[in-house]
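Trainee: One letter stands for each residue in the lines below.
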Amino acid sequence: MHTNKLGASPLGSGQAKTVISVKGIEKIYSMGDVKVYALRGIDMDVTEGEFVAVMGTSGSGKSTLMNILGCLDQPTKGTYTLDGLNISAASRNELAEIRNKKIGFVFQSFNLLSRTSALENVELPLLYNRKIESTERRERAVKALTSVGLASRMKNMPNQLSGGQQQRVAIARALVNDPVIIFADEPTGNLDSRTSFEVMDIFQKLNEKGITIVLVTHEPDIAQFATRKVVFKDGRMIDDVQVKDRKNAAKELAALPPIDQTEDEKAMTEANKTNVEA
Amino acid sequence: MGIIINILRISLLALRKNLLRTLLTMLGIIIGVASVVAMMGIGTGSKQSIESQVNNLGTNMIIIFPASTSYGGVASGAGTNQNLTVEDAAAIPLYCPSVPLSAPIVRSTSQVLANGQNWRTTVYGSTTDYFPIKNLHTVAGDIFTPQENKSAAKVCLIGQTVVKNLWGANYDLNSIIGQSIRITNIPFVIVGVLEIKGQNSFGQDQDDVIVAPFYTVQRRILSITWVNQILASAASATLVTAGSDEITDILSQRHKVLPGVAPDFTIRTQADLSNAFSSISNVMSVLLLIIASISLLVGGIGIMNIMLVSITERTREIGLRMAVGAKGNIILLQFLTEAVVISFFGGIIGVGLGIGVAMIVKNAMHWPIVISVESILIAFLSAAGVGIFFGFYPARKASMLNPIDALRFE
Chain A
56 MHTNKLGASP
66 LGSGQAKTVI
76 SVKGIEKIYS
86 MGDVKVYALR
96 GIDMDVTEGE
106 FVAVMGTSGS
116 GKSTLMNILG
126 CLDQPTKGTY
136 TLDGLNISAA
146 SRNELAEIRN
156 KKIGFVFQSF
166 NLLSRTSALE
176 NVELPLLYNR
186 KIESTERRER
196 AVKALTSVGL
206 ASRMKNMPNQ
216 LSGGQQQRVA
226 IARALVNDPV
236 IIFADEPTGN
246 LDSRTSFEVM
256 DIFQKLNEKG
266 ITIVLVTHEP
276 DIAQFATRKV
286 VFKDGRMIDD
296 VQVKDRKNAA
306 KELAALPPID
316 QTEDEKAMTE
326 ANKTNVEA
Chain B
20 MGIIINILRI
30 SLLALRKNLL
40 RTLLTMLGII
50 IGVASVVAMM
60 GIGTGSKQSI
70 ESQVNNLGTN
80 MIIIFPASTS
90 YGGVASGAGT
100 NQNLTVEDAA
110 AIPLYCPSVP
120 LSAPIVRSTS
130 QVLANGQNWR
140 TTVYGSTTDY
150 FPIKNLHTVA
160 GDIFTPQENK
170 SAAKVCLIGQ
180 TVVKNLWGAN
190 YDLNSIIGQS
200 IRITNIPFVI
210 VGVLEIKGQN
220 SFGQDQDDVI
230 VAPFYTVQRR
240 ILSITWVNQI
250 LASAASATLV
260 TAGSDEITDI
270 LSQRHKVLPG
280 VAPDFTIRTQ
290 ADLSNAFSSI
300 SNVMSVLLLI
310 IASISLLVGG
320 IGIMNIMLVS
330 ITERTREIGL
340 RMAVGAKGNI
350 ILLQFLTEAV
360 VISFFGGIIG
370 VGLGIGVAMI
380 VKNAMHWPIV
390 ISVESILIAF
400 LSAAGVGIFF
410 GFYPARKASM
420 LNPIDALRFE
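Protein chains in written order, with this note's numbering: chain A, 56 to 333; chain B, 20 to 429.
These are computed hints drawn from the structure, not numbers from a lab. Just so it is clear, CB atoms sit at the ideal spot from N, CA and C, and this is done for glycine as well. Among the hints, erroneous ones may be present.
Claimed, not checked - Quick look at which bits of chain A chain B covers, simulated, 3 or more residues with Cβ under 8 angstroms:
hint, region
1, 119 to 129
2, 140 to 153
3, 156 to 163
4, 171 to 184
Stated by the list, open to error - Derived CB-CB ranges, DEER-like:
hint, chain 1, residue 1, chain 2, residue 2, range
5, B, 427, A, 79, 23 to 29 angstroms
6, B, 421, A, 309, 39 to 45 angstroms
7, B, 67, A, 147, 40 to 46 angstroms
8, A, 282, B, 421, 30 to 36 angstroms
9, A, 185, B, 384, 52 to 58 angstroms
Start from the sequences, fold in the hints, and give me the full structure.
Mentor: In structure tokens form, the structure reads like this:
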């Protein structure tokens, strides 16, 4: 059944369950005779309601870890448990099913289907879930789009939307299957500061409602919006800290020099207000 | 069930998104199917027209000639012997269960005279069974009666070439009935005018004839005791071979042909002729079908080509679909469905176009064209088959993609 995480108990309920549990994960790529160690034994837990920023330079192994956590890849060694399911032993098809039901993805380059409306883009994950009827699919997609402030842009094609709007459509798509965790891979990488703050604002608001988020970024500013920061280097986790002086994206946005608000931004501000009230 | 509808939905959306590409891909199949339908229509049509022409020579006809005579080592050719009799002709339907009709024929080339004009034509003498065997009908008057045959009545039916030469081209055929015509100076009463049969396959004018009762021609004109040939008709086309065997048996018996000795008569059937013609038209049909199949094949390769390009172009899309939970076989089904939808609609349009082209050819060139349900089904099913066959490899390639690599594909 569709039980939305929106409204679930936020941080500090005292008995938050473990969403991700990783033990001794190694990933070795064989290139001919040469073995490349992408991950050299990672142990990590993510509990429900956390907002984790994963940092590291390229080649640090953070992308490899994200692929494994996102059930797109399998570790060479070690165990990975997602929402109580042992992923390490899952087949290709089982992984697809887990991605479909439990995970939401947000990519740097949005990855929206071209010439396909925002609504149809958001509906996409539900098309691969045989249990969801077309009416429910439509309802959930509308709800997800409304929650990111795009209720008025549902019929628009991606090329009729700004970068920030496109990324919000992508976030709505990640939300629509009611996932246990959202993985965002450099979601602000292609966006300017203002739009980045808007997107981070959405992530923070979703997190406040109890949605667990793992975000990969190489920008320290962006990491400051998370609750926890882990840093990778050469396939090892070298740092794992709670974020001090956590920034609020809405405040940062307000602090930016004002520009003329577009219709859409008004709509988003409205949506944010209602979300806060709810 | 729900997932099937979703796959169909996804495929249709993807096809609609690239409408021009979809239509261009479809064009290959449309042309392929259209040419299969049109070619099969032309092939079947010409085959049927040849068959009906052959049948028009006489239904299931068997012809019995006397064998050649040889005098002092000099062979005189077929049909010169004088050993076939009316009794032989009469015996055939009695003793050959496969051959219900037979008619003796005597033939005379005579000068005929009527309406102040004269003409040289062939006068056939035969019985009333001659008409159904040769598939002859009258357009005016009627055929003579068995009684007129027995009494050697001086009546005759005339072909329209004779009419044209004696009375002119636009003469009213009905007014000829009852008129007199002199055949080698013997006056005959015309009782009927034969329907136009045209040339036969060898260019012989089948309307340049006069048909009179057998005994009239045999006794009054020719004064002979034998018959020139016997025409017989098997009950059906499949019984022609059995019938000619039965005739060989009964005539050998009647002519006291010893075993191992060549009989003194020759049997020829229409089967040889129609076999020859239908094998020619079969070769033609197969040839046309091969040409059409090649265009269908090219259409199929077109589908594969476009699908492969499309999959490369849509690698990121495939990666995304996999990331949000599409399993490999669902991706395979999606692309296969796209190929099948293309060939399905291409097939429908192609059948329409093929029928259209066939109709244009029919009206413009007056070719006999027969569009059969089978040819439409064959064209349609082969289009679907081509779609599945050539769609499978690209679809499988898509389904094997690794989602990580596909998502990063530039």
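Trainee: Taking the hints in turn, state whether each one holds.
Mentor: Outcome of the hint check:
1. 119 to 129: Our answer is that it holds, as 4 residues pass the Cβ test (under 8 angstroms) against chain B, meeting three.
2. 140 to 153: Since 4 is at least three, the answer is holds.
3. 156 to 163: holds (count 3)
4. 171 to 184: holds (count 7)
5. 427(B) to 79(A): 23 to 29 angstroms: holds, 27 angstroms
6. 421(B) to 309(A): 39 to 45 angstroms: holds, 43 angstroms
7. 67(B) to 147(A): 40 to 46 angstroms: violated, 57 angstroms
8. 282(A) to 421(B): 30 to 36 angstroms: With a Cβ separation near 33 angstroms, residue 282(A) and residue 421(B) satisfy 30 to 36 angstroms, so the hint holds.
9. 185(A) to 384(B): 52 to 58 angstroms: holds, 55 angstroms
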